[in-house]
Amino acid sequence: MIKLKKGIITKIMHNDDQMQELSVLVDDENASAINYTVFTGKANIGDCVILNTTATSLGLGTGGYDFVICNISRDGGYETSGSGHIMKLRYTPLQHSILSVEEDDSPYREKIMGFKDLGGTYVIVCPLHSMMAITAAALKYLDEDVTTAYIMTDTGSLPMAFSKMVRELKEKRVLDATVTIGQAFGGDYEAVNIYTGLITAKEVCSADVILVSMGPGITGTGTKYGFSGADEGHIIDGVNDLKGSPIYIPRISFADPRERHRGISHHSMTALKELCHTHCDISLPEMDSSSRGAIDAQLDELAATGRYDFRVQDGKYIIDAMEKFDLSIRTMGRVYEDDPYFYKTCAAAAKYVSDKIKMSEEK
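Letter by letter, the sequence shown follows residues 0 to 362 in numbering that gives the first Met the number 0.
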């Protein structure tokens, strides 16, 4: 199913080189829309556009946005300049070329070719986009000199520009660099897959800590394997293949109304129990006895695999970290006060990694 509608742009709320946030008059009502300039160029008030309204018509969580797929007010064609021969969104009407770090013409080709291994660099794997943001804020709060790079996979939003949170984190220097891999696009650097994404973060971005997560918009079906974070196990294995140090942040909630996501989410349990085949440290926050007791059986299941070490740290400082950077980070519509252990788990990972980095610097 696809649903397209024609509308007239009445207002431009945000405008940068990659994306415009628009108000579009459709059927006598104003709709919020996103225009990615790589596809249609800059739009103007009064332009007539064709919107993809499929997700909003189904009530899906796209932030309430429709998406411009054509600006029919534009005379003639449209072309952007740039180098590169790697196609993103391949074999679709919106395929476009980018310069990937691996290409012959890339200024980073030599660094990619000269890569040996990650040398134990810490790679924090986050099941949700919001967890990446929380963890990044915690890392910079603990050590403002730490260099962070974010790798966005292609299992959520494909355009990096859709993430207002990434834009804010970059502006506030909480994130130092971004990399988009697979079919995702729009990062500071483009890479073909998770392996060259990790190499880019290490060799090109000179990251002390690498954060990996999907973009906004996880897909879940309520089935065991039918969720878009199922690649987490593969990512952990990939980090180990390249001799990095993977840290996994389990998705922990005691406020989610869905039983399958209470305690440690079934997504995290499936990824760790069945889809990851190598060693990984798992971050856990200090917890009251009742909350810890609620997840003890799940932790026993993970411990039984023999693949994991649990790293417990105090995560309550995350309130101060978000306050310092003036960040309002929500997860599934919830704030810290609604679900504190979700946030503390991310902060615990940052604390563990930050302490390890400081210890190695003191040697």
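I should point out that these hints are in silico values taken from the structure, not numbers from a laboratory. Beta carbons are placed, not taken as given, at the ideal position from N, Cα and C, and that holds for glycine. Don't take each hint at face value.
As the list claims (entries may be wrong) - The calculated label-pair distances, taken between Cβ atoms and stated as ranges, are:
1. E300 - L24: 28 to 38 Å
2. L24 - S327: 26 to 36 Å
3. L24 - S205: 15 to 25 Å
What the hints assert, rightly or not - Each computed DSS-like pair below joins lysine-lysine, with the alpha-carbon atoms no more than 25 Å apart:
4. K110 - K171
5. K242 - K171
6. K242 - K115
7. K323 - K171
8. K41 - K163
9. K315 - K355
10. K242 - K223
11. K323 - K272
Indices of hints not satisfied (ascending): 1, 3, 4, 5, 10 and 11
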